[in-house]
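There are 2 protein chains.
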Amino acid sequence: MTQTLDAPPTTAARRARDWFTALEDALRARDVERAAGLFARTSFWRDLVAFSWNITTVEDRAGVTDLLTATLDRTDPSGFAVPDEPEEADGVTTAWFTFETAVGRGRGLARLVEEDGELRAWTFLTTLYELRGHEEPRGPARPKGAEHGVNRDRQTWAERRAREAVELGRTTQPYVLVVGGGQGGIALGARLRQLDVPALVVDRHARPGDQWRSRYKSLCLHDPVWYDHLPYLPFPDNWPVFAPKDKIGDWLESYVKVMEIPYWGGTEVRSAHYDDAAGEWTVVVVRDGPGHEREELTLRPKQLVLATGMSGKPNVPVLPGQDVFRGEQHHSSAHPGPDEYAGKKVVVIGSNNSAFDICGALWEHGADVTMVQRTSTHIVKSDSLMEIGLGALYSEEAVASGMTTEKADLVFASIPYRVMHEFQIPLYEQMRERDADFYRRMEDAGFRLDWGDDGSGLFMKYLRRGSGYYIDVGAADLVANGDVQLAHGQVDHLTEDAVVLEDGTELPADLVVYATGYGSMNGWAADLISPEVADRVGKVWGLGSDTTKDPGPWEGEQRNMWKPTQQEALWFHGGNLHQSRHYSLYLALQLKARQAGLPTPVYGLQEVHHTR
Amino acid sequence: MTQTLDAPPTTAARRARDWFTALEDALRARDVERAAGLFARTSFWRDLVAFSWNITTVEDRAGVTDLLTATLDRTDPSGFAVPDEPEEADGVTTAWFTFETAVGRGRGLARLVEEDGELRAWTFLTTLYELRGHEEPRGPARPKGAEHGVNRDRQTWAERRAREAVELGRTTQPYVLVVGGGQGGIALGARLRQLDVPALVVDRHARPGDQWRSRYKSLCLHDPVWYDHLPYLPFPDNWPVFAPKDKIGDWLESYVKVMEIPYWGGTEVRSAHYDDAAGEWTVVVVRDGPGHEREELTLRPKQLVLATGMSGKPNVPVLPGQDVFRGEQHHSSAHPGPDEYAGKKVVVIGSNNSAFDICGALWEHGADVTMVQRTSTHIVKSDSLMEIGLGALYSEEAVASGMTTEKADLVFASIPYRVMHEFQIPLYEQMRERDADFYRRMEDAGFRLDWGDDGSGLFMKYLRRGSGYYIDVGAADLVANGDVQLAHGQVDHLTEDAVVLEDGTELPADLVVYATGYGSMNGWAADLISPEVADRVGKVWGLGSDTTKDPGPWEGEQRNMWKPTQQEALWFHGGNLHQSRHYSLYLALQLKARQAGLPTPVYGLQEVHHTR
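If you read the sequences in order, they're chains A and B. Terminal number for the first sequence in the numbering used here: 612, no gaps in between. Terminal number for the second sequence in the numbering used here: 1612, no gaps in between.
Don't take each hint at face value.
Said to hold, decoys possible - Sample of chain B residues facing chain A (criterion: CB under 7 Å; computed from the structure):
1. P1140
2. A1146
3. T1156
4. C1220
5. P1236
6. D1237
7. E1364
Calculated directly from the structure, the hints in this document are not laboratory data. In this text, all values refer to a predicted model and were calculated from it rather than measured experimentally. The C-beta atom is built at its ideal place from N, Cα and C for all residues, glycine as well.
Whole structure, please, built from the sequences with the hints as guidance.
As structure tokens, this is what we get:
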């Protein structure tokens, strides 16, 4: 074990280093029991690909024993080092560490606590960041660009790029096909390009960024810039805190070009079928040509990634009277924005993010807007969320204190999902207190609030169910002061010109917007591949927390995201910009390992408890 | 004066801080003589805008006295601080410092030496980096992006951008018109945007980056990536060392979009005229519309910047027989690349960078190539130049040792031009030794080499005359081994099918390429404005070093670049990527100050000694 300190270490630091020495000794001796004994009785080892070729969390000594028994020999971990001085606070010693495995290099973060007079691991995060022999060409290893010397077979960069574009999908096949070219598909495409994995990203929109451009015009990111960087090319420091949608669209389009990501816009996937014997997908796509002529092509990738949006397919409720309603009706994802609806009566079904954003923009354009709240909603004010919820890791202050994006991502990743709500609850108690007046006004207006089943707030709702909240950027006030009218209950039916609720309330409408959310991502698999494959893979997203819309049993990780599924060679990728950035690394490494022919035995393959 | 150190300072550091305290005391007392006494008898004070509203170097105590007498009262410098520990080596103490002026904030770099038992300044660099009240919206001051709250007059980012595009040049006028949209114009455009100066960049090429895309196809940057970053958005760390021209073209195009630079492609400037009374230019441009319809527009900017390429207009020699020659002939800037010339006889007149690049690419494509060397050429190998010439400031190693681009630029700027050759000569002696075999082979092949009039090599040639060298990326070998044939002397005339030299040598030719360089940038002023204005402004570029193609008298700075000229409201901007990045800051601050109505009395306005 390497120690690289100049100053004398503190006692805590020395003991932390002793802990890693003991761990390495036990692992080298293949003494699983001794290694497990270094973990606290209640403990969590989260592994991102390094040991498990999976994204998995094991719990307590029994879990550590199980993981190591299955993976220790082939992982052959070594060289544990603690390059920076560990920090001690509130009885917890926090140590960053690096290590090597049989095939690559990893880093991790450990929290050590005193138990029975010994230092033991309470949380332990291990992550793989590169495969030996497949390091990314960055920094000192960056490409030279110019080919010096003389060469009669010289091909210029532009010629190589042009040839690649002509051949891809025709005479050469992508190893990975990524369906969906939003931030998720693009981030993964960039990583695969860097790892020299032949890949292709396809999207039905014409240009990268159109996924954002086509949304309602007042849309801005709800997450702040520090949380949103893509891999390799961070936003410049004049980038807005909350980027407007068209600006993000332009950035994504530039990013695809600069990172040289093979990307087909205007391309729809018609069908996908996996041939077990050949170990290959057959994917039929229809692509818009340069002159908008449609062309059908058959692609044969070895790996298929669905990055079609973690929200999955729109949930459009089926209601009596939808066929007789004479106005306009559409799902929030198809809402064109407010311009055409000045003076119109609009009923928005739903009371989460999209519903509030759409109600606000419609009101600003002079529409007569009613929001129909069906169930309670969790609201936090954007400023409070930024300062209390994200500030420590993702903020100007965090940057100034030396917190890099990569470190922040790992700190975030190191909190076990099992106990994450315990860290979240006090933050939301702070927000509730800080904005007490606001919440009182909302309740006085009849709005039904919640804070999640256990008071753990927005981020847990996002991880568990991906819905049920609004990050307030101003529209809540319209409900509080009655500018946007509020109704309650389920919709019973539509008439020619109104929405009728179960209690008989009739809401006159020229337009009905169904802000009714999205289904699970495996709905895409049902459409593109088959219902059988969708059911074999099961529900995507959620932790199994046994809270509303996230039924148990406990999973330990997000279901099916960024890791092997029950369908060979089928992967799901997505989430917000933070997740697209961070988890694209682990998904790309899993794909690279397979493309390079490394053995990738999966520990703890996803079990399926819910089909949709 | 603020001291921010924790560790006890060294003697050298304490003495350096005492020097700054003494300087500040003298300046506060307006005691010019005392202040000048703090400078060594041989000394150089280079000021970039902070004191002089100019780019100027004064020498020795008399120069310091002159500068301070003219500028001290109105500059009102204060708050000199040395935030980092000064470093001492070889009897020179080097100190970074910050200071304030009446209108802004500055930073600088001083080299202090022992003289008569006292510490005195040998070199002293002062630079302005921001104007108080006009700070750039970056980092903690970045824009919010989303406009939270509700607002019935809300305009989205996309709507604002669209309106700006429609109005600019029609109902609103740019304060600054930048003619030329290569890296120079683009870097300046980005700075002006950040400083909220209404500006417009126009270029005759259709798209940003076409200036590079349209060059010969094997072209790559000759300078390495660390030297080439643009402001605000550095290249990612997977960017090639020597970027291929099309990749740079794509980057520039993306950069214009991401930095929101108002940019008109497909726009030619027909005429420009300055109205002294109105303090305004009248500039007639012809612009390609979206459907390629041509439209004539009259712009009325207050400031006009020529960023048309520091190389200026192509020098095409007028030779007897050019009218009877039946082959093809063109200047190197119009050379389309080698594809059409396989098997053809090509004569390239010239033996500098373009000549070698073009000869190499033609040979690779199977042309029969002869290079005509008219005068001696300075050649350095690219690797040697990188390692010996740039490595300390611009390299992966420099980055790893904490050398930021900004710091490197200031270190570079802190070396007085008067003595810069003394620092350069030993570097080129190293290169000559390292590559001795190569130079022997070139001479054996009859190639005439030089190292600059005083042996100071490439960079001084670039600063003095912008020509006379080749950075060898491989093509020199073709001359050394005879693959590219070499001829010597001036061209006498052309026949129907050959180039005839003064000694009677006849070189059969299907194509003649005039790699004969460029004139001074004020040639553009002659064309666009008038010969009178071009002569009033005088020659652009060069130091007055009294070496070949850089006649004296000594100027102290590059003539007319990035600073006021004898023509009110006319500016020249350009140079390589390094200069475009660094000097665009000072030019942008000068323009911002004028736009904001600050007094900008110029110390040491450029005198004119040479008209072209």
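Would the hint on P1236 of chain B stand, with a C-beta cut-off of 7 Å toward chain A? holds, 5 Å
Would the hint on C1220 of chain B be counted as holding, given a Cβ-Cβ threshold of 7 Å to chain A? holds, 4 Å
Interface hint compliance - P1140 of chain B to chain A, C-beta minimum distance less than 7 Å: holds, 5 Å
Tell me if the interface restraint on T1156 of chain B is satisfied: Cβ within less than 7 Å of some Cβ in chain A. It holds, given that the least Cβ distance between T1156 of chain B and chain A is near 5 Å, below 7 Å.
Should the hint that E1364 of chain B touches chain A count as held when the rule is a Cβ pair under 7 Å? holds, 5 Å
Hint check, D1237 of chain B versus chain A [nearest Cβ-Cβ separation less than 7 Å]: holds, 5 Å
Under 7 Å is the threshold here; is the Cβ of A1146 of chain B close enough to any Cβ of chain A for the hint to stand? holds, 4 Å
In the structure shown, no violation is registered for any of the earlier numbered hints.
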